[in-house]
Amino acid sequence: GNSVTQMEGPVTLSEEAFLTINCTYTATGYPSLFWYVQYPGEGLQLLLKATKADDKGSNKGFEATYRKETTSFHLEKGSVQVSDSAVYFCALGLNTGNQFYFGTGTSLTVIP
Amino acid sequence: DAGITQSPRHKVTETGTPVTLRCHQTENHRYMYWYRQDPGHGLRLIHYSYGVKDTDKGEVSDGYSVSRSKTEDFLLTLESATSSQTSVYFCAISERTGLNEQFFGPGTRLTVL
Chain A
540 GNSVTQMEGP VTLSEEAFLT INCTYTATGY PSLFWYVQYP GEGLQLLLKA
590 TKADDKGSNK GFEATYRKET TSFHLEKGSV QVSDSAVYFC ALGLNTGNQF
640 YFGTGTSLTV IP
Chain B
46 DAGITQSPRH KVTETGTPVT LRCHQTENHR YMYWYRQDPG HGLRLIHYSY
96 GVKDTDKGEV SDGYSVSRSK TEDFLLTLES ATSSQTSVYF CAISERTGLN
146 EQFFGPGTRL TVL
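Going down the list, the sequences are from chains A and B. The C-terminal position of the first sequence is numbered 651 in the working numbering, with every residue numbered one higher than the one before it. The C-terminal position of the second sequence is numbered 158 in the working numbering, with every residue numbered one higher than the one before it.
Everything labelled a hint here was simulated from the structure, so no lab data went into it. Predicted, not measured: the structure shown is a model, and the values here were computed from it. It is possible that part of the hints are untrue.
To give an idea of the interface, some chain B residues facing chain A are shown, with a C-beta separation under 7 Å as derived from the structure [as the list claims (entries may be wrong)]:
{"hint": "1", "residue": "Pro53"}
{"hint": "2", "residue": "Pro84"}
{"hint": "3", "residue": "Leu88"}
{"hint": "4", "residue": "Thr142"}
{"hint": "5", "residue": "Gly143"}
{"hint": "6", "residue": "Phe149"}
Cβ atoms here follow ideal geometry from the backbone N, Cα and C, with glycine treated the same way.
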């Protein structure tokens, strides 16, 4: 079946630390991969995406590379800020069934 | 930001009462989705629509029905609300297939007492 697995949270980092949030997937076919961010009390916002193997998505200092050989799409940021505190969701989208599959989310707290 | 609104934003109701949540978009996107978000489960798809009057079930469709009579509106109905349907409900839209990004509304927090 199709699924997304994210690293368990919560994650707590000091400001300017390096961030990695792991995401692996299982999919039939050739998915697109996404990272979404959710701030408290809000809906999900698209952070970045990649549509084919070896693509790198990037936005606001965050990056993720679509690795077909390891079925992974890990989120990274070189220096986190307090304003990056949020819940991050990895997701895959497939053409068949027009559906998305979300991970369970990883809560990040950045302390000054 | 994509033009997606949800109403109501908050609702408290009693077990056994019907509830309808509305999602309205101004983007003219073909695909619309209803999700519920619960701690430890992430987002789970309830129903989705791939056009006017065209809908299909998602992962957790039991106890829910949907209707889409216009491109811009997608309604989610709980025919007889139960406490297990207490959740935050999100609507999302997409221009093309699941390969393309979805844009989310602000959510509706529903409490069933």
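Results for each hint:
1. Pro53: violated (15 Å)
2. Pro84: Violated, because the Cβ-Cβ distance from Pro84(B) to chain A comes to roughly 9 Å (cut-off 7 Å).
3. Leu88: Where the cut-off is 7 Å and the nearest Cβ of chain A is about 4 Å from Leu88(B), the hint holds.
4. Thr142: Holds, about 5 Å.
5. Gly143: holds (4 Å)
6. Phe149: holds (4 Å)
Figure legend: structure checked against the earlier numbered hints; hints not met, in rising order: 1, 2.
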